[in-house]
Amino acid sequence: MNVIFENFALYRDGFFKTLLICAYAMVGSLVLGTILAGFRVSPVPPLRWIGTSWVNVFRNCPLTVVLFFCAFGLPEVGINGAYFWFSITALVLYTAAFVCEAVRSGINSVPAGQAEAARAVGLTFGQSLTTIILPQAIRTVVPPLGSVIIAMIKNSAIVGAFGVGGELFAVSDTLTGSRGEAALPVLTGIVIAYLLITLPAGAFLGWLERKVAIAR
Amino acid sequence: MRLRGLLVGTVTAALALSMTACGDKGNDAGTNPPVNTEAKFDEGTTMATLQKAGKVTIGTKFDQPLFGLKGLDGKPAGFDVEIGKLIAAKLGISADKIEWVETPSKIREEVIEQGKVDFVVATYTINAKRKERISFAGPYYEAGQDLMVKKDSDIAGPEALKAANAKVCSVTGSTPAEKIKEYVDPANVVLFDVYSKCADALRTGQVQAVTTDNVILLGLIDASKGEFKLVGKPFTKEPYGIGIKKGDTKFCEFIHKTLTDSPAEYEKAWKDTAGKVSPETPKLPTLATCS
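Top line first, the protein sequences correspond to chains A and B.
Just so it is clear: in the first sequence, position 3 is 3 by the UniProt record's numbering, and no numbers are missing.
Just so it is clear: in the second sequence, position 245 is 245 by the UniProt record's numbering, and no numbers are missing.
For reference, chain A alone in the conformation it holds in the complex (with noise of 0.2 Å):
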């Protein structure tokens, strides 16, 4: 277990580093996973078929491909970038329709009572949809919600593969290649800065839905 004491400034960085893709990540596909989710129930049918699409091509791709076109397929037009926002758009891309998703199952569960009582007192679709029906909707979706962040953090680890350099799985390469460790104890040490991130997301979501929670 030396090589992580020996190695401490290394996985530090590299725990500062994937916790900074994961929070630019998580606000991003929180924010565009919300909003398609407001397309997927709007009355315009091109924003409901835009939201629709979204769906079904990112959350049925494999992350990797989403990574592989962004970090490739950018540059391949003409758009070049670092690929430390590359690999964060693919991120948001592909979280957002699970955001998407699990949003758009807490709108449903919203009573219809609730959104005929706002269109009754004069309140039109965006003022319904924002004042009424998303605050009582994302109060149900903490657990679920929750859960797709968990998994995003953990889908970070690949971005390492596509150019991002000193983020918590290249801390593991490096050590174990050119350093030449043994991968068992390198790869505790990275389990545990992971576990450092997830564990206190996870007591973070238990603590907000306690908070938010609403007897119906």
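Note that these hints are calculated values from the structure, not bench results.
Just so you know, not all the hints are guaranteed correct.
What the hints assert, rightly or not - Not everything, but these chain B residues come out facing chain A in the computed CB check (under 8 Å):
| # | residue |
| --- | --- |
| 1 | L72 |
| 2 | E102 |
| 3 | Q114 |
| 4 | K116 |
| 5 | K129 |
| 6 | T172 |
| 7 | G173 |
| 8 | S174 |
| 9 | V190 |
| 10 | F192 |
| 11 | D193 |
| 12 | A201 |
| 13 | T204 |
| 14 | G205 |
| 15 | Q206 |
As the list claims (entries may be wrong) - DEER-style ranges, computed between Cβ atoms:
| # | chain 1 | residue 1 | chain 2 | residue 2 | range |
| --- | --- | --- | --- | --- | --- |
| 16 | A | W85 | B | N36 | 51 to 61 Å |
| 17 | B | V194 | A | F8 | 27 to 37 Å |
| 18 | A | V212 | B | K129 | 50 to 60 Å |
To be verified - Over the 12 Å line for every Cβ pair with chain B, so calculated as not near, a few chain A residues:
| # | residue |
| --- | --- |
| 19 | F16 |
| 20 | C61 |
| 21 | N80 |
| 22 | P143 |
| 23 | K211 |
Virtual Cβ for every residue (Gly too), placed ideally from N, Cα, C.
Fit chain B to the known structure of chain A by using the hints.
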């Protein structure tokens, strides 16, 4: 009727496949080194065990053009593969009795320690850190870290990278990836899991240079059809060794004897593989002492 058409098609395809398979076999027989059927080894040595078993498991790369590249026929080919075949032949084992195992850079020590392979020939640089876990025979070849750039690039060496603020690509966990950080800002080092992705990034302008051992770059340049060029100023020495179980001195000595005794086979191995891109046959480097 449709079923019958399908049947005919399948049979034709199967026939075509079996015919190509025959063709391959014919080619292979020509390139394999002569098998030493009269080899005699002391009881209890690795050589005796392998000879008795009549087969050997060799680790090599499957994605390294010119050194170890698995082709459509499912068999790896390249200089490393030829060296592996040569050692097997001197053990009295013919090429068709070799089981090839893919050993990417990061698992090479593990597979040797766990005995999953008998030895590893996989563009494997000898260094002190690796020697703590395994032993090396050789070196059988000396490579050097170099740069690959686009044909019209004016980057002339590693020193020019910083001034050009160039992004450099290499493979995660490889020695060259660590070394290049002495020349450029670590933030400008882009890392992938395989070199082919680096080549793609160079083509699309995401990075300005790719760095690793010159022989690996030669393979990529060969595949690029004139799009890339080698800078041609190696700035490190990378002696390639054959990875064996730690402390197996007798096996190491046997490999050394094999290498020094077979200059003709060595030259042929080079000419048939990497020699197609770099025609000059390298001299066998001075072998290290076995320990």
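For each hint, the structure was consulted:
The beta carbon of L72/B is not positioned within 8 Å of any beta carbon in chain A (closest approach about 22 Å), and the interface hint is therefore violated. Given the 8 Å rule on beta carbons, the hint for E102/B is violated: about 15 Å separates it from the nearest Cβ of chain A. Below 8 Å, beta-carbon pairs count as interface contacts, and Q114/B has none with chain A, the closest being about 11 Å; its hint is therefore violated. Taking 8 Å as the C-beta cut-off, the interface hint given for K116/B is violated, the closest approach to chain A being about 13 Å.
Of the supplied interface hints, the one on K129/B holds, with its beta-carbon coming within about 4 Å of a beta-carbon of chain A, less than 8 Å. Annotation: interface hint on T172/B holds; nearest CB of chain A at approximately 4 Å, less than 8 Å. Taking 8 Å as the C-beta cut-off, the interface hint given for G173/B holds, the closest approach to chain A being about 2 Å. At its closest, the beta carbon of S174/B sits 6 Å from a beta carbon of chain A; the interface hint therefore holds under the 8 Å criterion.
For V190/B, the shortest C-beta to C-beta distance to chain A is roughly 5 Å, which falls under 8 Å, so the interface hint holds. Because the smallest distance between the Cβ of F192/B and any Cβ of chain A comes to about 6 Å, under 8 Å, the interface hint for this residue holds. Interface hint status for D193/B: upheld, as the beta-carbon distance to the closest one in chain A is roughly 4 Å, under 8 Å. Interface restraint check: A201/B against chain A, minimum CB-CB distance 7 Å, threshold 8 Å, status holds.
This hint holds: T204/B has a C-beta 4 Å from the nearest C-beta of chain A, less than the 8 Å allowed. Because the smallest distance between the Cβ of G205/B and any Cβ of chain A comes to about 6 Å, under 8 Å, the interface hint for this residue holds. Taken as an interface hint, Q206/B checks out: its beta carbon lies about 5 Å from the nearest beta carbon of chain A, inside 8 Å. Between W85/A and N36/B the Cβ separation comes to about 58 Å, which falls inside the hinted range of 51 to 61 Å.
In this structure the supplied range 27 to 37 Å holds for V194/B paired with F8/A, their Cβ-Cβ distance being about 29 Å. Roughly 52 Å separates the CB atoms of V212/A and K129/B, a value that falls within the hinted 50 to 60 Å. Residue-level check passed: F16/A sits 14 Å from the nearest beta carbon of chain B, beyond 12 Å. The beta carbon of C61/A is kept farther than 12 Å from every beta carbon of chain B, the shortest such distance being approximately 19 Å.
A cut-off of 12 Å between C-beta atoms contradicts the statement that N80/A is not in contact with chain B; the least separation is 6 Å. With a closest Cβ-Cβ approach of about 34 Å to chain B, P143/A is found to remain outside the 12 Å limit, as its non-interface label requires. Against chain B, the non-interface label of K211/A holds: every CB pair exceeds 12 Å, the least being about 40 Å.
The structure fails hints 1, 2, 3, 4, 21 (numbered hints given earlier, in ascending order).
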